[in-house]
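K.L.:
Single-letter residue listing:
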Amino acid sequence: MAGPMGTDIPRWANVVVLPIVNLIAAFLVSGLVVLIIGENPLEVVQILIWGAFGFEEAIGYTLFYATNFIFTGLAVSIAFHCMLFNIGGEGQAYIGGLGITLVGLHFGFLPPIVLIPLCVIGAALFGAAWAFIPAYLQAKRGSHIVITTIMFNFIASSVMVYLLVNVLIQPGSMQPESREFGEAAIPFVHEALAWLGVEFAESPWNLSFLWALVCCVLVWGYVWHTRWGYEMRTVGTSPTAAAYAGISETKSIIVTMCISGALAGFLGLNEIMGYHHRLLLHFSGGYGFVGIAVALMGRSHPVGVCLAAILFGALYQGGAELSFEIPTITRELVIVIQGLVIIFAGALEFMFKPQVEAVFRWFMPRRSAAAPAE
Amino acid sequence: MEDFTLFVLVLDATLRVSTPLILAALAGLVSERSGVIDIGLEGKMLGAAFAAAAVAAITGSAWIALAAGIGVSVLLALIHGFACITHAGNHIVSGMAINIFVSGLTIVLGAKWFSQGGSTPQLPHEGRFMPLEWPGAEAVADVPVIGPLYSELLSGHNLIVYVAFLAVPFIYWMLFKTRFGLRLRAVGENPQAVDTAGISVFFLRYRAVIICGILCGIAGTYLSTAMGASFVRDMTAGKGYIALAAMIFGKWKPLPTMLACLLFGFLEAVAIRVQGAELPIVGQIPVQFIEALPYVLTVVLLAGFIGKAIPPKADGVPYIKEH
Numbered sequence: 001m002a003g004p005m006g007t008d009i010p011r012w013a014n015v016v017v018l019p020i021v022n023l024i025a026a027f028l029v030s031g032l033v034v035l036i037i038g039e040n041p042l043e044v045v046q047i048l049i050w051g052a053f054g055f056e057e058a059i060g061y062t063l064f065y066a067t068n069f070i071f072t073g074l075a076v077s078i079a080f081h082c083m084l085f086n087i088g089g090e091g092q093a094y095i096g097g098l099g100i101t102l103v104g105l106h107f108g109f110l111p112p113i114v115l116i117p118l119c120v121i122g123a124a125l126f127g128a129a130w131a132f133i134p135a136y137l138q139a140k141r142g143s144h145i146v147i148t149t150i151m152f153n154f155i156a157s158s159v160m161v162y163l164l165v166n167v168l169i170q171p172g173s174m175q176p177e178s179r180e181f182g183e184a185a186i187p188f189v190h191e192a193l194a195w196l197g198v199e200f201a202e203s204p205w206n207l208s209f210l211w212a213l214v215c216c217v218l219v220w221g222y223v224w225h226t227r228w229g230y231e232m233r234t235v236g237t238s239p240t241a242a243a244y245a246g247i248s249e250t251k252s253i254i255v256t257m258c259i260s261g262a263l264a265g266f267l268g269l270n271e272i273m274g275y276h277h278r279l280l281l282h283f284s285g286g287y288g289f290v291g292i293a294v295a296l297m298g299r300s301h302p303v304g305v306c307l308a309a310i311l312f313g314a315l316y317q318g319g320a321e322l323s324f325e326i327p328t329i330t331r332e333l334v335i336v337i338q339g340l341v342i343i344f345a346g347a348l349e350f351m352f353k354p355q356v357e358a359v360f361r362w363f364m365p366r367r368s369a370a371a372p373a374e
Numbered sequence: 001m002e003d004f005t006l007f008v009l010v011l012d013a014t015l016r017v018s019t020p021l022i023l024a025a026l027a028g029l030v031s032e033r034s035g036v037i038d039i040g041l042e043g044k045m046l047g048a049a050f051a052a053a054a055v056a057a058i059t060g061s062a063w064i065a066l067a068a069g070i071g072v073s074v075l076l077a078l079i080h081g082f083a084c085i086t087h088a089g090n091h092i093v094s095g096m097a098i099n100i101f102v103s104g105l106t107i108v109l110g111a112k113w114f115s116q117g118g119s120t121p122q123l124p125h126e127g128r129f130m131p132l133e134w135p136g137a138e139a140v141a142d143v144p145v146i147g148p149l150y151s152e153l154l155s156g157h158n159l160i161v162y163v164a165f166l167a168v169p170f171i172y173w174m175l176f177k178t179r180f181g182l183r184l185r186a187v188g189e190n191p192q193a194v195d196t197a198g199i200s201v202f203f204l205r206y207r208a209v210i211i212c213g214i215l216c217g218i219a220g221t222y223l224s225t226a227m228g229a230s231f232v233r234d235m236t237a238g239k240g241y242i243a244l245a246a247m248i249f250g251k252w253k254p255l256p257t258m259l260a261c262l263l264f265g266f267l268e269a270v271a272i273r274v275q276g277a278e279l280p281i282v283g284q285i286p287v288q289f290i291e292a293l294p295y296v297l298t299v300v301l302l303a304g305f306i307g308k309a310i311p312p313k314a315d316g317v318p319y320i321k322e323h
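Top line first, the protein sequences correspond to chains A and B.
Under the numbering used here, the first residue of the first sequence is numbered 1, with each subsequent residue one higher.
Under the numbering used here, the first residue of the second sequence is numbered 1, with each subsequent residue one higher.
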């Protein structure tokens, strides 16, 4: 990613220590906010952790949210590798949900073993299609992808409101929701575990989580172990070098964005097929934007994205529990923390670098002095 | 005659709806002309709207509310500046972060302070910017054509509406007729040259983001204390992004930007009017279609199908001074 990466500190410090320092800074400022509303930050931390991991149901919810964030986080990360900033995850996820719904409503007669993969393809195609237009405009006409994807979020929202209110609404219903399509449901984890004879508390956590992990492996393989992935990273690092090497920038941009849109589209697998079983207004609920924080925190690496997604999943679930325990704190505290994480881990990524380097230099001379003796 | 009155009423609504767009779009314009991309217009407006309403609810003074709105917005602008100018951070990440941070913080603080789920109480008249009647508006109201134009369209808006429209020539003058404006535009095109001339790139850009903060602050204050009578959660509802679109639509120039804001404001005013109404020829137009139109138009413009939108050359590029 952009920024002065040239450094005399070990790589792992850059990759591990710096994000943790940034995260601590974000948490400290969040603690200040808690102090301002007159609560005890330590108590809040305690409730957050207990609320996210303290009991089986909590863990289920945490991982349910984490699944959303893995999808949207991967979507933002893969675009980062091509130096593209996909802010449109929200819209792509929303439209991806439309793909699932259309398949679910029209092919409901098929057995789940055929229907579910079809839905997955529907989500991917619709998400990718919504990302394709901004990608094409960026690649061919030079329209700034950040602005076009922002615009496409709003257009997606209008399209979906229109479709839900006028077309997809269940006849006779007042709620802008589609009819339930239970046949395309992805099983819950507690159900799956029950088949194996293991008991687990009921929660929305479902098997899309496994698909999210598979996507992590696929993205990892694509980015670092395929030719297209290599081309994508080359275009991201140096478009000029890529052009000299005969790599098509246009192709890389379009393919990358389509993959990114498809990944964002998978959000609907978890939310719609895994939990609600019908299309809802605003089901994408800001998860697309959280993906930006997750990608930045996770340094655009699938492993980092998974860890960051679980962190944010825990924040979301813990935050819900928190607003139960301390009514003066609303759930939106989590959004504040999220914003702060993006500021410190993203915009001020290298603010603490001199300090971290200073600390390392304090310890390093002894190591390098010892080296020649070997 | 009735059609004419209706038309005047729609134009009247257009002015009211366009006001925050104009202020925010000019804010973005000044910032981007200096080379700092600002997608945080939304967050700054929201923060200002909340601060203004909260302060107005407590002090009952619209002017103190305005000061608070501007203060908060400038503070947020300075955070953006700190990240983008001083630390060469990614402008879009920073702007995004501010939007998310503010959307959460206003609700957390509002819920705690006013216990109304994130809203502020209804503001008293003294705490708001009330409509100003122009002299003679009452008297000429019944005169055909000129009457409604004067008494409905021109008269009867609050102070901030007039400020917004006066800000357009002022910003134009500042950017294109003053030395400061010349330097500010230069720093957005070629910061190295400005630096070579011995002028501080950082200081210029900081001044640009402060101006951006002031304008967003006024826009936010308008939303909660002039157009509305309290703060409601997420009350900006994408206006910051429409303003951004208008700025691009206006090709980073004050007057065209204002016209784009008026166009988008007009669409919004029409959308409210035609909700469910049968129109001649086209029949019923879905409101969502009109709502999405500003975004669609901006994408079409960006695609280069209607003219070309070229941003300042150094827009979004951090300047790292060599030592």
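Worth flagging that the hints you see were computed from the coordinates, not collected in a lab.
Treat the hints with care, as some may be off.
[Claimed, not checked] Cross-link-like lysine to aspartate or glutamate pairs, in silico, EDC-like; alpha carbons within 16 Å at most:
id: 1; chain 1: B; residue 1: Lys112; chain 2: A; residue 2: Glu325
id: 2; chain 1: B; residue 1: Lys251; chain 2: B; residue 2: Asp315
id: 3; chain 1: B; residue 1: Lys112; chain 2: A; residue 2: Glu39
Given the structure is predicted, the values throughout are model-derived calculations rather than measurements.
K.L.:
Next, verify each hint and record whether it holds.
P.N.:
Quick rundown of the hints versus the structure:
no.: 1; hint: B:Lys112 to A:Glu325; in the structure: holds, 15 Å
no.: 2; hint: B:Lys251 to B:Asp315; in the structure: holds, 13 Å
no.: 3; hint: B:Lys112 to A:Glu39; in the structure: holds, 11 Å
Hint compliance for this structure: every hint is met.
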